[in-house]
Amino acid sequence: MRYRQLGKTDLRLSELSLGTVALGMPYGWGADGADGTPPPDSESITLIHKAIAQGINFFDTARAYGRSEELLGKALRGRRQSALVATKVSCLGGDGAALPRREMAQQMTQSLHTSLRLLGTDYVDMLLLHSASAELLENSDAIALLKQFQAQGKARAIGASTYGTVAPRIAIAQGIDALQVAFNILDQRLATALFPLAAATGTGIIVRSVFLKGVLSPRADYLPKRLAALQGYSRAVQEAAATLSPGQTREAAALQFVLAHETIATALVGAVNIAELETSLAAARAPRWSNAIVERFRRLRCDQANLLDPSAWGLP
0 MRYRQLGKTD LRLSELSLGT VALGMPYGWG ADGADGTPPP DSESITLIHK
50 AIAQGINFFD TARAYGRSEE LLGKALRGRR QSALVATKVS CLGGDGAALP
100 RREMAQQMTQ SLHTSLRLLG TDYVDMLLLH SASAELLENS DAIALLKQFQ
150 AQGKARAIGA STYGTVAPRI AIAQGIDALQ VAFNILDQRL ATALFPLAAA
200 TGTGIIVRSV FLKGVLSPRA DYLPKRLAAL QGYSRAVQEA AATLSPGQTR
250 EAAALQFVLA HETIATALVG AVNIAELETS LAAARAPRWS NAIVERFRRL
300 RCDQANLLDP SAWGLP
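Counting in numbering that gives the first Met the number 0, the sequence shown runs from 0 upward without gaps.
Just so you know, these hints were derived from the structure itself, not from any lab. The structure presented is a predicted model; accordingly, all values stated were derived computationally and were not measured. The reader is advised that the hints may include incorrect statements.
[Stated by the list, open to error] Restricting the straight-line Cα-Cα distance to at most 30 Å, the calculated cross-link-like pairs of lysine-lysine (DSS-like) are:
hint: 1; residue 1: Lys-73; residue 2: Lys-224
hint: 2; residue 1: Lys-224; residue 2: Lys-153
hint: 3; residue 1: Lys-146; residue 2: Lys-49
hint: 4; residue 1: Lys-73; residue 2: Lys-49
hint: 5; residue 1: Lys-146; residue 2: Lys-7
hint: 6; residue 1: Lys-7; residue 2: Lys-153
[Stated by the list, open to error] With beta-carbon atoms standing in for the labels, derived distance ranges:
hint: 7; residue 1: Thr-45; residue 2: Asp-121; range: 20 to 28 Å
hint: 8; residue 1: Gln-53; residue 2: Arg-287; range: 32 to 40 Å
hint: 9; residue 1: Leu-196; residue 2: Gly-77; range: 37 to 45 Å
hint: 10; residue 1: Ala-304; residue 2: Met-24; range: 22 to 30 Å
hint: 11; residue 1: Gly-119; residue 2: Asn-290; range: 40 to 48 Å
hint: 12; residue 1: Ala-281; residue 2: Arg-101; range: 20 to 28 Å
hint: 13; residue 1: Ser-41; residue 2: Arg-11; range: 24 to 32 Å
hint: 14; residue 1: Tyr-2; residue 2: Thr-191; range: 25 to 33 Å
hint: 15; residue 1: Arg-1; residue 2: Glu-294; range: 20 to 28 Å
hint: 16; residue 1: Asn-290; residue 2: Asp-121; range: 41 to 49 Å
hint: 17; residue 1: Arg-284; residue 2: Ala-199; range: 42 to 50 Å
hint: 18; residue 1: Ala-281; residue 2: Thr-45; range: 14 to 22 Å
hint: 19; residue 1: Thr-45; residue 2: Leu-196; range: 36 to 44 Å
hint: 20; residue 1: Asp-121; residue 2: Glu-275; range: 15 to 23 Å
C-beta atoms are modelled at their ideal positions from N, C-alpha and C, and glycine is treated no differently.
Turn these sequences into a full structure, and let the hints steer you where they fit.
In structure tokens, the structure reads:
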């Protein structure tokens with residue numbers, strides 16, 4: 000496993016990291032088009048142990064990910080020093096609006112303390128605002144609270160998970176340590192809108208949605224007819240991947256494309272079984288792409304914003 004520094008922090012992350020949302024709650028859709036069901040607890044714990052044994056040291060979870068924190072905490076008993084853990088807090092009310100400062104502080108504090116209890120630790124390595132909007136980030140109260148938790152030793156580094164191109168730039172202006180953002184072969188907007196700024200400011204970049212919630216995998220075949228355009232993009236990636244070497248898959252190409260960008264510290268991938276994990280491990284260990292190959296896949300991007308937003312697909 001190769002490792003990269005996360006911006007200006009003292010955290011050195013494995014290039015491949017494990018997202019655990021699908022271990023804690025139904026997520027995405029299965030190979031037969033049905034809702035993705037989490038594996039049994041014992042299999043989830045074995046999967047996390049396998050990831051650690053193979054050199055993965057960064058694990059992403061959130062208070063909102065069902066039982067994910069609880070399962071990760073069980074898996075890390077006796078192994079906490081082998082793992083860097085990121086979790087997330089929300090500072091929004093039930094209506095989705097930002098809370099007043101006092102209520103925000105209460106909710107964020109309670110959320111963090113619950114996370115620490117479930118994870119079986121007294122600190123996390125990364126604490127993120129969950130799905131932070133531009134409007135929320137312009138209000139410095141939430142960032143100030145994160146910095147307070149950091150000063151108390153409850154978080155080694157702080158940041159935000161964001162969408163779009165505006166919110167992450169505001170977060171950088173507020174002095175966060177790292178961002179979790181979506182980036183993949185089809186959605187390349189941040190390559191120019193964010194990555195140069197992140198590099199210049201020493202802001203760490205954690206990439207999620209490497210496979211665009213399964214679109215860049217065989218699961219694309221089970222998308223509903225209304226998303227046929229996405230299937231077309233996925234097939235184009237598969238065809239391009241097949242020209243690289245015999246048996247090369249679109250999943251491997253998706254991961255290798257992301258890791259070809261040096262600004263990115265780690266690529267978050269989900270896995271619900273050992274086979275899926277091993278597929279990602281093999282791709283992460285492959286030789287890095289040449290600039291010429293990267294450029295070929297850059298041309299496969301999708302410029303239709305509605306297709307790049309999974310929340311607009313009408314799927315779980």
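Do the hints match the structure? See the list:
1. Lys-73 to Lys-224: Status violated; Cα separation ~40 Å.
2. Lys-224 to Lys-153: 47 Å, violated
3. Lys-146 to Lys-49: Given that 30 Å is the threshold and the Cα spacing comes to 33 Å, the pair is violated.
4. Lys-73 to Lys-49: 14 Å, holds
5. Lys-146 to Lys-7: 16 Å, holds
6. Lys-7 to Lys-153: Roughly 19 Å between the alpha carbons, so the hint for Lys-7 and Lys-153 holds.
7. Thr-45 to Asp-121: 20 to 28 Å: 26 Å, holds
8. Gln-53 to Arg-287: 32 to 40 Å: 19 Å, violated
9. Leu-196 to Gly-77: 37 to 45 Å: 40 Å, holds
10. Ala-304 to Met-24: 22 to 30 Å: 27 Å, holds
11. Gly-119 to Asn-290: 40 to 48 Å: Since the Cβ atoms of Gly-119 and Asn-290 sit about 44 Å apart, the hinted range of 40 to 48 Å holds.
12. Ala-281 to Arg-101: 20 to 28 Å: 50 Å, violated
13. Ser-41 to Arg-11: 24 to 32 Å: 30 Å, holds
14. Tyr-2 to Thr-191: 25 to 33 Å: Holds, at about 26 Å.
15. Arg-1 to Glu-294: 20 to 28 Å: 22 Å, holds
16. Asn-290 to Asp-121: 41 to 49 Å: 45 Å, holds
17. Arg-284 to Ala-199: 42 to 50 Å: Given about 30 Å between the Cβ atoms, the range is violated.
18. Ala-281 to Thr-45: 14 to 22 Å: With a Cβ separation near 19 Å, Ala-281 and Thr-45 satisfy 14 to 22 Å, so the hint holds.
19. Thr-45 to Leu-196: 36 to 44 Å: Since Thr-45 and Leu-196 have Cβ atoms about 40 Å apart, the given range 36 to 44 Å holds.
20. Asp-121 to Glu-275: 15 to 23 Å: Once the Cβ atoms are compared, 32 Å apart, the range 15 to 23 Å for Glu-275 and Asp-121 is violated.
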